[in-house]
Amino acid sequence: MMQSPDLPDIEQRIALLCERHGCEPRRLLQILIDVQEIYTFIPPQALTAIARHLPLPRVSVEGVAGFYSFLSLEPAGQYRILFSDNVTDRMLGNEELMRQFCNKLWLEPGKVSEDELVSADFTSCTGMCDQGPAALINGWPVTRLNRERIDLIADLILAKSPVASWPPTLFEVNDNIRRTDRLLDESFEPGSAIKAAVTRGAEAIFTELKLSRLRGRGGAGYKTAEKWITCRNSPAPARYIVCNADEGEPGTFKDRVLLNRLADTVFEGMTVGARLLSSAKGFLYLRGEYRYLLEKLEEILARRREAGLLGSNILGEPGFDFDIEIHLGAGAYICGEESGMIESLEGRRGKPRNRPPYPAQHGYLDQPTVVNNVETFACAAMIAVHGGKWFGETGTWESSGSKILSISGDCHWPGIYEYPFGVSVQKILEDCGAQEPYAVQVGGPSGILVSWQEFERSISFEDLPTAGAFTIFQRGRDILEAVRNYAHFFAHESCGFCTPCRVGTQLQKKIVDKIANGHGTASDLEELKHLGHLMRTLSHCGLGHAAPNPVLDMLQKFPGAYEQKLTSLSFEPAFDLDAALATARRITGRDDPSAHLP
Amino acid sequence: MISTITIDGKTVPFTEEQTIMDAALAAGVYIPHLCHNPEFKPHGSCKLCVVEANGRNVTSCTMPASPGMVVVNDTPELNEDRKALVQMLFVEGNHICPACEATGNCQLQAAGYYLHMQSPHFMHFYPPRRVDASHPDIFLDLNRCILCELCVRASRDIDKKSVFGISSRGIDSHLVVNSESGRLGDTSMAVTDKAAHVCPTGAILIKRKGYTVPMGKRLFDQKTLPEFHLEQQKRVEPEDGPDGG
Numbered sequence: 001m002m003q004s005p006d007l008p009d010i011e012q013r014i015a016l017l018c019e020r021h022g023c024e025p026r027r028l029l030q031i032l033i034d035v036q037e038i039y040t041f042i043p044p045q046a047l048t049a050i051a052r053h054l055p056l057p058r059v060s061v062e063g064v065a066g067f068y069s070f071l072s073l074e075p076a077g078q079y080r081i082l083f084s085d086n087v088t089d090r091m092l093g094n095e096e097l098m099r100q101f102c103n104k105l106w107l108e109p110g111k112v113s114e115d116e117l118v119s120a121d122f123t124s125c126t127g128m129c130d131q132g133p134a135a136l137i138n139g140w141p142v143t144r145l146n147r148e149r150i151d152l153i154a155d156l157i158l159a160k161s162p163v164a165s166w167p168p169t170l171f172e173v174n175d176n177i178r179r180t181d182r183l184l185d186e187s188f189e190p191g192s193a194i195k196a197a198v199t200r201g202a203e204a205i206f207t208e209l210k211l212s213r214l215r216g217r218g219g220a221g222y223k224t225a226e227k228w229i230t231c232r233n234s235p236a237p238a239r240y241i242v243c244n245a246d247e248g249e250p251g252t253f254k255d256r257v258l259l260n261r262l263a264d265t266v267f268e269g270m271t272v273g274a275r276l277l278s279s280a281k282g283f284l285y286l287r288g289e290y291r292y293l294l295e296k297l298e299e300i301l302a303r304r305r306e307a308g309l310l311g312s313n314i315l316g317e318p319g320f321d322f323d324i325e326i327h328l329g330a331g332a333y334i335c336g337e338e339s340g341m342i343e344s345l346e347g348r349r350g351k352p353r354n355r356p357p358y359p360a361q362h363g364y365l366d367q368p369t370v371v372n373n374v375e376t377f378a379c380a381a382m383i384a385v386h387g388g389k390w391f392g393e394t395g396t397w398e399s400s401g402s403k404i405l406s407i408s409g410d411c412h413w414p415g416i417y418e419y420p421f422g423v424s425v426q427k428i429l430e431d432c433g434a435q436e437p438y439a440v441q442v443g444g445p446s447g448i449l450v451s452w453q454e455f456e457r458s459i460s461f462e463d464l465p466t467a468g469a470f471t472i473f474q475r476g477r478d479i480l481e482a483v484r485n486y487a488h489f490f491a492h493e494s495c496g497f498c499t500p501c502r503v504g505t506q507l508q509k510k511i512v513d514k515i516a517n518g519h520g521t522a523s524d525l526e527e528l529k530h531l532g533h534l535m536r537t538l539s540h541c542g543l544g545h546a547a548p549n550p551v552l553d554m555l556q557k558f559p560g561a562y563e564q565k566l567t568s569l570s571f572e573p574a575f576d577l578d579a580a581l582a583t584a585r586r587i588t589g590r591d592d593p594s595a596h597l598p
Numbered sequence: 599m600i601s602t603i604t605i606d607g608k609t610v611p612f613t614e615e616q617t618i619m620d621a622a623l624a625a626g627v628y629i630p631h632l633c634h635n636p637e638f639k640p641h642g643s644c645k646l647c648v649v650e651a652n653g654r655n656v657t658s659c660t661m662p663a664s665p666g667m668v669v670v671n672d673t674p675e676l677n678e679d680r681k682a683l684v685q686m687l688f689v690e691g692n693h694i695c696p697a698c699e700a701t702g703n704c705q706l707q708a709a710g711y712y713l714h715m716q717s718p719h720f721m722h723f724y725p726p727r728r729v730d731a732s733h734p735d736i737f738l739d740l741n742r743c744i745l746c747e748l749c750v751r752a753s754r755d756i757d758k759k760s761v762f763g764i765s766s767r768g769i770d771s772h773l774v775v776n777s778e779s780g781r782l783g784d785t786s787m788a789v790t791d792k793a794a795h796v797c798p799t800g801a802i803l804i805k806r807k808g809y810t811v812p813m814g815k816r817l818f819d820q821k822t823l824p825e826f827h828l829e830q831q832k833r834v835e836p837e838d839g840p841d842g843g
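Here the protein sequences come in this chain order: A and B.
Quick note: the first sequence, position 35, residue 35 per the numbering used here, numbers continuous.
Quick note: the second sequence, position 194, residue 792 per the numbering used here, numbers continuous.
This is chain B alone, in the form it adopts within the complex (with noise of 0.2 Å):
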């Protein structure tokens, strides 16, 4: 027998092991995220994928489907919530869309999009950052980083290489490199590496291949976020990655 659970109402199977996330994308059922990457092992640091299980507030890219589970996901309520997440993200870091060689090919704004954004809302930070250009192939920068760890996990769990990690505590939380230097040019990163391409900012860009899509034909010209993210799911090459678009 097939084990069920319903989300906004609708009936979404789901198998052994899947969390409310799988098998919502799975089924086609959105629910916004920006740390999700279905390749990787759940995070669960952005919440925006907070939905309501059962009355109580889960993190739906960690939480297991168990059966019968009641979701409730895309309401006005919620999409506030996650609007209100995502102009966090925006205040605490450095994103000048405009002049970001990721506009239009970047999750955080194509999530700022599909939940209405219009403003940053809170105060802004302005945190001093780091850019670190030392490597041959790839910049660095740490202005636009939102600390989803894809490129931890990408670098870890798929390169085996741990060129990525997070140092410091609470708002100082930042990422590091693996050199005692803290130079990423003296890494094993390489530009073929995955961690090279699974950022959904424009925190790690390839060097001599900025504007190479012109803005108006970037993925996020094309398509939505939920488009987006729906066809990742069902991708099976590993050959994806916001600045491939």
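Excised from the complex, chain A in its bound form (with noise of 0.2 Å):
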């Protein structure tokens, strides 16, 4: 058993903060975050006070902290350094670079140092994709790593440099916005979608939106309308508006964009939706890895109060009172499901609800609650302005409006690019400038791995449905090490409550390493087929189901990706067994069915 470090004012310190979070069990989460921001790790003690302060059972509290990959129950270093892990970070050399900084500083990844000084680890895709190799220190994100870098960081961390006086350029990071089209081309005036849901009233822009036939970005596409009108129609005291800024799915990095450049319009959107569904409080649910961003949105939505647009009586319009809050995650990918993300609002651990019931009937607190995606708000923001028709113009009749690809891996230009829905995979690897394209995953590994000769698919709900990633693989890249960064990260972000996902996304990683290995067989290749069936009908949640995707894909696919590494393609018995039996039988004088082998 660790011994509990000595701090003697851990009580006072955690009541103050416990009361400025009004002592509510919901901001359990927020209050996790800010005990790690004081002590660099959550000591036993503070977890101890914080259940007596809530008031919750310490077991509870204790769970919910050890849910969040940010959050350490054991001390991990004044300087903390994660190393973004997806499979982009891994063709840019990620693994070499964290070697470096390990040898530089005498650190084993995973274990602080011995002075308690430092420690080193990776984390799944931290949303810099068009930037990397990437990392988190203190959740401050670094991009652009290289030799320099990592030399220049190890450096300041021996000197003991505090991270806020670190050169702002290793924090810098760049929108990389490549291609616009209608979302992004519009200009947009503050207060403007509101006004429109004000004077023109709910039911004219819930036509708007059935019109627009707006489908939900954050990848299963659910019609808007559809989802805000069965909001509107379960009767309850309160309805919640929650913006699913949790953009864990590795290869997207959109939101990010979308929140550093149109946060009005995404805020607005939310605002557009309280106005149609009578709700009065929403939540951005900002992943941990956004933490940066944290500061400007907080101005923003301060400027937006001043300005009328949020608060109480919005536009001088009586009754109309709407605000949001910025709720931060930790590092947990589960909690981007919608039913995980209002158990996380609520501070509890992210772990997916049984459904039915919908969070449109019962969500946050039991209320209905709309859960979209930023773009699906900055969308509807849109439409509230411009109509539904306009939105509907472009795209296809399925896939109505434009879609903001996040592309990344083996091309020139990797960055954000706008298209409308429709658009063939072939023309954005032009645009990008990819050189012999071999493969895309679209959607991330949640996704489509599409292989070259499917390049003439579209982007779109009807044929390649996509959050945003569209991550590359040129000629001569190893689908299978692509594959099995994929399988770790599904193992790695399992919430661990249903046995198929908890065990069968572990069963999965370890075969498709056994493989990457030199040590698969034929019968592995079945047993990934077997695995893949029972976390796509078993599991509880959509990270389950979703699990076994790229696997199932390259089986499929890209048999060279993994028959070279077999040890033995198909397993030939050396001899056949039921004839040998043959003389047995004419021994016995029997030929029935039970006389053979199955």
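Simulated from the structure, these hints should not be mistaken for laboratory data.
Note that beta-carbon positions come from the ideal geometry of N, C-alpha and C, so glycine has one too.
Do not take every clue at face value.
As the list claims (entries may be wrong) - Restricting the straight-line Cα-Cα distance to at most 27 Å, the calculated cross-link-like pairs of lysine-lysine (DSSO-like) are:
| hint | chain 1 | residue 1 | chain 2 | residue 2 |
| --- | --- | --- | --- | --- |
| 1 | B | 681 | A | 514 |
| 2 | B | 681 | A | 510 |
| 3 | A | 514 | A | 427 |
| 4 | B | 821 | A | 529 |
What the hints assert, rightly or not - Residues from chain B that keep clear of chain A, each with C-beta distances beyond 10 Å, as calculated:
| hint | residue |
| --- | --- |
| 5 | 601 |
| 6 | 662 |
| 7 | 683 |
| 8 | 694 |
| 9 | 715 |
| 10 | 721 |
| 11 | 735 |
Said to hold, decoys possible - Okay, the calculated bits of chain B under chain A, using three or more residues with CB under 8 Å as the criterion:
| hint | segment |
| --- | --- |
| 12 | 635-645 |
| 13 | 760-770 |
Each chain sits in its own coordinate frame; assemble them with the hints.
Structural data, given as structure tokens:
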């Protein structure tokens, strides 16, 4: 058992902290994030103190603290560096950089240095794929890592220089917007969408939404108008609007740019939603990796309150009250699943709920809740201003409007590209300067691995649905390595609630590792298919359903990626077992079915 | 008018608020399960009870029954999948049936027999897991924990103590107890608590009661898992649990 460090004033500090959060149990994750910022980890006494103040059973507080990757229950050093481990970071050499860093600081990955100064580990994709390899240092993103930058960072740590005084160039994050269309082209006047909602009325805006045929931009593509109407039609004392900015799908980073550039439009979309659904409270669930955007977003919210676009009597309309609270995540992909997100908002482990009921009927605090992607809210704001017809003019019938893609991997110009829905993979590859493209992972590991034979396929809900990730692999890339990276990702991000996903993602990871290490046989391929079936059909939520996707796509489309690695391709027994029994059959005078092998 | 569903062709009545599992067990139709126990709030984590309802796979212990629902349950395909889930539970923990005090009383073991499990099939994980003997009357052996959260639910909802919880994530998920030391002996747990008697495996054992019933005369030596689970549904007295066998 670990010895609790001596922290004399911890009782008072935790008491103050809990007080600042109103001692509300639903603020638990936010409190824990604050504790970690103070102590660089969460000491056991802090868990006990928090439990007393909220009040909650200590065991629940510990359970929440243990769920989120960025929260550490053991000392993780004054400096904690987490290397982003998306496949794009891999392709850019993050493993070598991690080795260099560890060698320089006498570190073992995943362990804190003996002087408790520094630790280094990997983390799931941090959403900087267009400017990787990336890392987080005490939660702050560092981009475009190279040998020089690693040396510089190591020196700064050895000199015990506070992260706040490090050269700002290390933390520079570029938007890299390469192609714009409807959403990014159009300028947006803050307040214009709300004004339209107020003057034209809720019914008119609902009609525009239906006319727009807008579907959710998070990947699943549920019709937005339908979701909002279900929410509105569920009788309840309160309704909630949640903006899902937990952009965790590896290879996706468009919400990062939307929040940096179009936060007003996003908040406005939420406020329009509030007007339509009579909601007084909204949340922006901001993934922990985007913590660096928090102050800027808070400023925008404050400005909007001053301008009468948030708060009480919005635009002077009596009774139009709505405000937005930013809730930080702390390193858990599963919180991007809408019911997992609601659990997290309520201060619990981000375990997806049983469904039905759906969040639109029973969501946050059991009240009807609309959860939509960042981009969906931006679209909703534009539709309120320009109308559904304008929106539906682009795209396809099933997939109206445009889609913002996050393009990374093997191409000249990684970054943000906005296209009308229906654009072909081929066209995108040409635009971003992909040379000898071989495969594209559309929609991240949960999506579809598209081979060079399928580049005529189109980005759309009817063909290749995506939340935005578009990761390019050129000829010569090891697809098995990419799939292995994805298998590790799912195993790391499984919440652990249900058996098929908790154990299945681990077994899948181990078998892919086995094949990559040259120990696989044909029976391992069958086993992967079997596991894929179990995860797809029995898992509790979408994570488990999608976890086998990259593996199954590879098995089907890229036999070359694994066949040469197998020790035996197809198991051919050296002799025919049934034929060998022929003598025995003859001696006993039998030839009935049970004298034969099945 | 009474609403009904059909399970494998058999008409089964249900009342409002009943899940597929509730309706099935009440009608004497067996759906295999491990984390479900009619005395507690449904959980839905083990997934053994997944059935096909109107063509879609659903977790029967949490899915409300709805009029006319057509449920497919006892098929070779579903039972094969269930067997695979039991095998997964075996390999992710450290289950050494012949040396386990709970052998013969263990529902995981019984589920293995019921589903004709002949081998663990998958590779063993052999995870290092904690054993906690700090409590004067209770052993806690996480090697056998299958994360059904029955003890969590019992302690929270019946005993009103919240002695147990789950921490960490994914394959590292594990049972934790309500004390700063992390030791069961430092919690308010009592041997008379409901939570001490609901573990379907041998993760929570009562001290000084080992082997009071000889092997061969234990719970699942007397009855099958379906018989046990169907009786559990009927029992009113909360004085059950495999260690009472």
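Tested hints:
For the suggested pair residue 681 of chain B and residue 514 of chain A, the alpha carbons sit about 24 Å apart, so the restraint of at most 27 Å is met. Annotation: proposed proximity of residue 681 of chain B to residue 510 of chain A holds, straight-line Cα distance about 20 Å (limit 27 Å). Taking the CA atoms of residue 514 of chain A and residue 427 of chain A, the gap is about 37 Å. The hint is violated against a cut of 27 Å. Annotation: proposed proximity of residue 821 of chain B to residue 529 of chain A is violated, straight-line Cα distance about 36 Å (limit 27 Å).
With a least CB separation of 17 Å from chain A, residue 601 of chain B remains clear of the 10 Å interface cut-off, as annotated. Not every Cβ of chain A is farther than 10 Å from the Cβ of residue 662 of chain B; the closest lies at roughly 7 Å, contradicting the non-interface assignment. Annotated as non-interface, residue 683 of chain B brings its C-beta within 10 Å of a C-beta of chain A; the closest such distance is 5 Å. Against chain A, the non-interface label of residue 694 of chain B holds: every CB pair exceeds 10 Å, the least being about 18 Å.
Non-interface status of residue 715 of chain B relative to chain A is upheld: no Cβ of that chain comes within 10 Å, the nearest being about 14 Å off. A cut-off of 10 Å between C-beta atoms contradicts the statement that residue 721 of chain B is not in contact with chain A; the least separation is 7 Å. No Cβ of chain A comes within 10 Å of the Cβ of residue 735 of chain B; the nearest lies about 20 Å off, and the non-interface call holds. For the segment 635-645 of chain B, the stated coverage by chain A is satisfied: 5 residues place a CB nearer than 8 Å to a CB of that chain, which reaches the threshold of 3.
A count of 11 residues in the segment 760-770 of chain B with a Cβ less than 8 Å from any Cβ of chain A is obtained; the coverage claim is therefore met, three being the minimum.
Violated hints for the displayed structure, listed by number in ascending order: 3, 4, 6, 7, 10.
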